[in-house]
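Visitor: What follows is each chain in one-letter form.
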Amino acid sequence: MKTQLKINNPITKRLALYFLVMLATLYILTPFLWVVSVSFMNEREVTQMHWIPHQPTLQSYETYFHAHTKNLDIGTATARQFPRAIINSLVIASSVMVLNLFFGSLAAYALARINFAGKLALMLFYLCSRSVPGIAIMIPMYLLIRSYGLLDTHLAVILAHVTFTLPFTIWILKGYFQTVPLDLERAARVDGCSQIGALFRVFLPVTTPGMIAVGIFSFISSWGEFFFALLFTSTISSKPVTVVASDFAQELQVDFTIIAAGGVLVVLLPIILAFIFQRFIIHGISGAVTG
Amino acid sequence: MVKPDEGKLFKKSLTTKERSELVFAYLINMPTILLILLLIGYPIGVSLWTSLHRYNLRRPGQFEFVGLGNYLDILTSYDFWHSIGVSLYFTGLSVPLIILVALGIALLFNQEFFGRGIVRSMLLIPWAIPGVVNGLMWVGLLGKYGVFDKIMRDCVNLANRLTGLEIDYLGMASPIIALNAAIAAHVWQNVPFACIIFLAAFQAIPSEQYRAAKVDGANAWNRFFHITLPWLLHPIMIVAILGTMNGFRTFDLIFTLTGGGPGDATYVIAWQTYKEAFGRLNFGSANAYSYLIMLITMSLAIIYIRLLYNRGTVQG
Numbered sequence: 071m072k073t074q075l076k077i078n079n080p081i082t083k084r085l086a087l088y089f090l091v092m093l094a095t096l097y098i099l100t101p102f103l104w105v106v107s108v109s110f111m112n113e114r115e116v117t118q119m120h121w122i123p124h125q126p127t128l129q130s131y132e133t134y135f136h137a138h139t140k141n142l143d144i145g146t147a148t149a150r151q152f153p154r155a156i157i158n159s160l161v162i163a164s165s166v167m168v169l170n171l172f173f174g175s176l177a178a179y180a181l182a183r184i185n186f187a188g189k190l191a192l193m194l195f196y197l198c199s200r201s202v203p204g205i206a207i208m209i210p211m212y213l214l215i216r217s218y219g220l221l222d223t224h225l226a227v228i229l230a231h232v233t234f235t236l237p238f239t240i241w242i243l244k245g246y247f248q249t250v251p252l253d254l255e256r257a258a259r260v261d262g263c264s265q266i267g268a269l270f271r272v273f274l275p276v277t278t279p280g281m282i283a284v285g286i287f288s289f290i291s292s293w294g295e296f297f298f299a300l301l302f303t304s305t306i307s308s309k310p311v312t313v314v315a316s317d318f319a320q321e322l323q324v325d326f327t328i329i330a331a332g333g334v335l336v337v338l339l340p341i342i343l344a345f346i347f348q349r350f351i352i353h354g355i356s357g358a359v360t361g
Numbered sequence: 537m538v539k540p541d542e543g544k545l546f547k548k549s550l551t552t553k554e555r556s557e558l559v560f561a562y563l564i565n566m567p568t569i570l571l572i573l574l575l576i577g578y579p580i581g582v583s584l585w586t587s588l589h590r591y592n593l594r595r596p597g598q599f600e601f602v603g604l605g606n607y608l609d610i611l612t613s614y615d616f617w618h619s620i621g622v623s624l625y626f627t628g629l630s631v632p633l634i635i636l637v638a639l640g641i642a643l644l645f646n647q648e649f650f651g652r653g654i655v656r657s658m659l660l661i662p663w664a665i666p667g668v669v670n671g672l673m674w675v676g677l678l679g680k681y682g683v684f685d686k687i688m689r690d691c692v693n694l695a696n697r698l699t700g701l702e703i704d705y706l707g708m709a710s711p712i713i714a715l716n717a718a719i720a721a722h723v724w725q726n727v728p729f730a731c732i733i734f735l736a737a738f739q740a741i742p743s744e745q746y747r748a749a750k751v752d753g754a755n756a757w758n759r760f761f762h763i764t765l766p767w768l769l770h771p772i773m774i775v776a777i778l779g780t781m782n783g784f785r786t787f788d789l790i791f792t793l794t795g796g797g798p799g800d801a802t803y804v805i806a807w808q809t810y811k812e813a814f815g816r817l818n819f820g821s822a823n824a825y826s827y828l829i830m831l832i833t834m835s836l837a838i839i840y841i842r843l844l845y846n847r848g849t850v851q852g
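As they're listed, the protein sequences go chains A and B.
For the first sequence, the working numbering gives the first residue as 71, with consecutive numbering after it.
For the second sequence, the working numbering gives the first residue as 537, with consecutive numbering after it.
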């Protein structure tokens, strides 16, 4: 009975809540913050196991951006490929985003607004294709890409990413398009808009939040995708940053300060995007996944 | 994928408007359909065909029909059952952990407190980190000077002192530690996604139900079990299914965190398939592996789609 009273005391309850929230936040943040912290340390300080760098240094980041440094440590060769790899990733992820928005909104419009024979079958087709594991079709895909001479090109990775992100994009956009009042579209049609015109002039402006969610999603998933990028790229002319970063796993004895800085460089852009567009992302995830 | 009632719809003749809409609908879906057929549909067919042949890139001339031979070889091999075992352990442990941790955090973050918005948006950090980088991060965290390595060492030392045992902590060189570390990393990365889904599900629970329960004198536990949990069943199912599918596909994390090692301790099924194909260049049997993975994930996918379907989401 006494413990019951204690728990029901509002102040104790409050304190317990804040304590638990702090624990949960620490769990979510500690791994990443430690890596960020290490990326500003020199190798000696890592061995002293400080939480916060006592003499913060940009030394590890310099390995990535000053190709002329005389630093010949192991891992430097990989680090020097980063600027180019980041550009490759930007090219791939932006193309994936644009293609998703374009083809995705077309397909989603048909599914949201037109009643046509085979619509249900088409939706199931999209849903199923989203569930096919990439690893299960890697060999024929590899041979296909090779036979078209697309190995080691941006296009190969873009095609693979678009194919695997489109069904999800369509799924989210369909949901957003269905919220647009039918009257709005009818009014546009009366005013002489064609069906495709209605899509571009009425739907897209009204469903901007959905478009943003979908755009950011496809960008972030393409940026972080590894498997197809690994399969289809072999030189720095097309390797995205995830593939270059994975080289650190193959090299033994690379200073962890350098790996940490590389990790931060890879995740910087997705995390910034996620923060800026968090409202859209959270709404998108919760709407699309549970239906 | 022909729908059964398709014929019925065609029998009653379509009006011109309906016909033009039908053409329009398929026309604007065409790029997506073609892309999926070419890059997913066609490979699925080829994969099946190749899996029935002996085909090794080291002997490119040889392409000999062996029927179910590759499948028989795999199903009687140690490698397959070992990797299935590792994947089952990996998925079987990580999915319940993801659900429990995410549910706990979501319950907490659903309360009113100062800084709730900021704390909630922190969830997006692990979500936005690519699997490859997550693996590298945990290499450091569990490495020689990593924080988690230190914590683990301290725990083992304490246990040794308390029980008088002399356990040597081997870190990532120990198979058990390596596999469980991979699970910890996987769980950490996947909790936020589940959390976001659960938090959204809480929003859908009508607050009158809680008020009524409070009036009836139900305590917090009763309210959780009789109101919150039933409303959460559907989202939990979805997280479980998607989590299982992701678990069986895990590749990036293993690639950078353990490379399958030590020995073959972290050879999950996706890693085993990859090694079979691009290590041994044994395309025939790698395709048989692929098909077995496909069977596992697709049967889960069907359950998932049925769930959505029963909710009426698929009808649109």
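Keep in mind that the hints were calculated from the coordinates and are not lab data.
Note that the structure is a prediction, hence the values are computed from the model and not measured.
Any given hint could turn out to be false.
To be verified - Under the rule of at most 30 Å between Cα atoms (straight-line distance), these lysine-lysine pairs were calculated in the DSS-like manner: (1) Lys83/A to Lys553/B; (2) Lys680/B to Lys553/B; (3) Lys189/A to Lys811/B.
As the list claims (entries may be wrong) - From chain A, some residues computed to sit far from chain B (all C-beta separations above 10 Å): (4) Val105; (5) Asn112; (6) Tyr134; (7) Thr146; (8) Ala147; (9) Ile156; (10) Ile240; (11) Ala257; (12) Gln265; (13) Gly267; (14) Pro279; (15) Thr305; (16) Ala319; (17) Ile329.
Quick reminder that beta carbons are idealized off the backbone N, C-alpha and C, glycines included.
Visitor: Now look at each hint and say whether the structure bears it out.
Guide: Verification of the supplied hints:
Distance hint between Lys83/A and Lys553/B is unfulfilled; the C-alpha atoms sit about 64 Å from each other, more than 30 Å. Distance restraint check for Lys680/B and Lys553/B: the Cα-Cα separation of roughly 70 Å exceeds the 30 Å cut-off, and the hinted pair is therefore not satisfied. Using a Cα cut-off of 30 Å, the hinted pair Lys189/A and Lys811/B is violated, with the two alpha carbons roughly 40 Å apart. The claim that Val105/A is not at the interface with chain B is violated, since a C-beta of that chain comes within 10 Å of its own (minimum 5 Å).
Residue placement check: Asn112/A keeps its beta carbon more than 10 Å from all beta carbons of chain B (closest about 13 Å). Every beta carbon of chain B lies more than 10 Å from that of Tyr134/A, the smallest distance being close to 14 Å; the non-interface claim holds. Non-interface status of Thr146/A relative to chain B is upheld: no Cβ of that chain comes within 10 Å, the nearest being about 16 Å off. Distance check on Ala147/A: its Cβ is at least 17 Å (rounded) from any Cβ of chain B, clearing the 10 Å threshold; non-interface status holds.
Distance check for Ile156/A against chain B: the nearest CB is about 13 Å away, which clears 10 Å, and the non-interface claim stands. Chain B draws Ile240/A into its interface by the beta-carbon criterion, the shortest separation being 7 Å against a cut-off of 10 Å. Look at Ala257/A: its CB is around 19 Å from the nearest CB on chain B, clear of 10 Å, so calling it non-interface holds up. Chain B draws Gln265/A into its interface by the beta-carbon criterion, the shortest separation being 6 Å against a cut-off of 10 Å.
Every Cβ of chain B is farther than 10 Å from the Cβ of Gly267/A; the closest lies at roughly 12 Å, confirming the non-interface assignment. Non-interface call for Pro279/A relative to chain B: holds, since the shortest CB-CB distance, roughly 15 Å, exceeds 10 Å. At roughly 17 Å, the least C-beta separation between Thr305/A and chain B is larger than 10 Å, which holds for a residue marked as non-interface. Distance check for Ala319/A against chain B: the nearest CB is about 4 Å away, which does not clear 10 Å, and the non-interface claim fails.
Not every CB of chain B is more than 10 Å from the CB of Ile329/A (nearest about 6 Å), against its label as outside the interface.
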